[in-house]
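**Student:** Here's the letter readout for the chains.
There are 2 protein chains.
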Amino acid sequence: MKRVLLCVAYDGTAYAGWQVQKNAVTVEGELNKALSDLCKETIEVIGASRTDAGVHSLSSMCVFDTNMRMPAEKFSFALNTKLPDDIRVVWSKEVNENFHPRHCSTEKTYEYHIYNADFMPPTKRLYAYQERRELNIEAMKEASKYLVGEHDFKSFCSAESTAETTVRTITDIDVFKDGEEVVISVSGNGFLYNQVRIIAGTLMWVGLGVRKPEDVKDMLEALDRSASGPTAPAHGLLLKSFKFLEEEGLKP
Amino acid sequence: MKRVLLCVAYDGTAYAGWQVQKNAVTVEGELNKALSDLCKETIEVIGASRTDAGVHSLSSMCVFDTNMRMPAEKFSFALNTKLPDDIRVVWSKEVNENFHPRHCSTEKTYEYHIYNADFMPPTKRLYAYQERRELNIEAMKEASKYLVGEHDFKSFCSAESTAETTVRTITDIDVFKDGEEVVISVSGNGFLYNQVRIIAGTLMWVGLGVRKPEDVKDMLEALDRSASGPTAPAHGLLLKSFKFLEEEGLKP
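These protein sequence lines map, in sequence, to chains A and B. Those letters in the first sequence? Residues 1 to 252, per the working numbering, in order. Those letters in the second sequence? Residues 1 to 252, per the working numbering, in order.
Chain A with its partners taken away, still in its complex shape:
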């Protein structure tokens, strides 16, 4: 028996998110199906995080246990022959049998992509949110500074969240232009439900002049979801990178 860690990338367009659901096609469900088929045993992966319907990922982590003798590194290739085109295993490797992807310190980076032009090419429509009015990037950068560090992000968390605490640490936020796109890059050790999408919606408010950069300080202090901006649409969001900070759980 060995435990294998997978790094998985996907185009979230066709999926009802990461997590297995009844009567819906999910990324986790497709992985379980491909793995069970490959290993000839019933396999259910344990994911390190979830994404909502329509969100994309370059770096989702999950583990599974198997009796199959194939070297762990070979699983990525073998699984990719069974998975649909819009889900790809980037790499696979063996980890210690007590390694649990949700009981580890991590650093994740999400990117929110905004196509900031009057015309968005149809080939971009599934991967960026279009905002026709010009965004003030300097104002967005200034606003983002209030969010960096350890804060109670209750105002930046879906009211539906059941998290025990809404205190989280954002290690960095960058707002930059890439061609016609404005990209909001948010790094942290863990995120609340809808946190990055609410941050994106709020920074867009600031970029459009609906709110001033310094208003973000008041929004944080309000500890009330209704104080912050709208939840930006899912399809603009990408889980860009994911790192486990405690490497001891990972075999060399």
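Keep in mind that the hints are not guaranteed to be accurate.
Unchecked claim - So, partial list: chain B residues that the calculated Cβ filter (under 10 Å) puts toward chain A:
(1) GLY12
(2) THR13
(3) HIS56
(4) ASP86
(5) ILE87
(6) ARG88
(7) VAL90
(8) TRP91
(9) LYS93
(10) PHE119
(11) MET120
(12) PRO122
(13) LEU126
(14) LEU238
These are calculated hints, taken from the structure and not from any lab test. All residues carry an ideal CB built from backbone N, CA and C; glycine is no exception.
With the hints as your guide, set chain B onto chain A.
**Tutor:** Below, chain B without anything else, positioned relative to chain A:
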């Protein structure tokens, strides 16, 4: 009665190409349907060029005649409310009633996109061809020089072509790196069936060392399709820009 010119962009993934076909969904067919619905008359556009199934476009041109009184510039907005998300009218304008998009000198630029890395993000899979082995861009650039200018491109044209002459002029070819992508940009006044895809397939041969840059000269001189490289897959191809060089047919 007025003649209106449309600039149309599309994600070609879901379409059996530009041209109307029985029992297949095409870009031209969707435009005819949306226009006929909007104008309450049977409308068939006249396209300036075609693309194959899976090819994308940022700048396809077509005209139509209508009795509708709406100003020509408003058609883009009105049509976009009726068209599917993956087809967008970029702009619309009135042209002289004798303007014909296929009887005009034009300059077109196609781009062929190659994702040149071991791993291609699933969000790129519909818009770039993946080549895992490293491409030698300098060799591709050198090879491309033999193709620039007026030549008989019989070796770089589908054997199924029915064109009267296979002489065409390529005004420029550039090969450049954009992140992980290698982009082949080809400009000219008109192209033969599959010409850009065969050029891309041939330059990839050179980039991989299968052929030398100077072999391209012999391929041209052979006047034989079997002398040149493979036809690169459709989904890597994008019609990037399209210009009419005789502006007299266009109203100000």
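**Student:** Next step is simple, just say for each hint if it's right about the structure.
**Tutor:** Status of each hint after checking the structure:
1. GLY12: Status holds, d = 9 Å.
2. THR13: With a minimum Cβ separation of about 9 Å from chain A (threshold 10 Å), the hint on B:THR13 holds.
3. HIS56: Holds. Min distance 6 Å.
4. ASP86: Status holds, d = 5 Å.
5. ILE87: holds (7 Å)
6. ARG88: holds (5 Å)
7. VAL90: holds (6 Å)
8. TRP91: Interface hint status for B:TRP91: holds (8 Å vs cutoff 10 Å).
9. LYS93: violated (15 Å)
10. PHE119: holds (6 Å)
11. MET120: holds (8 Å)
12. PRO122: Cβ of B:PRO122 sits 4 Å from chain A, so the hint holds.
13. LEU126: Since chain A brings a Cβ to about 8 Å from B:LEU126, closer than 10 Å, the hint holds.
14. LEU238: This interface hint holds because 8 Å falls under the 10 Å limit.
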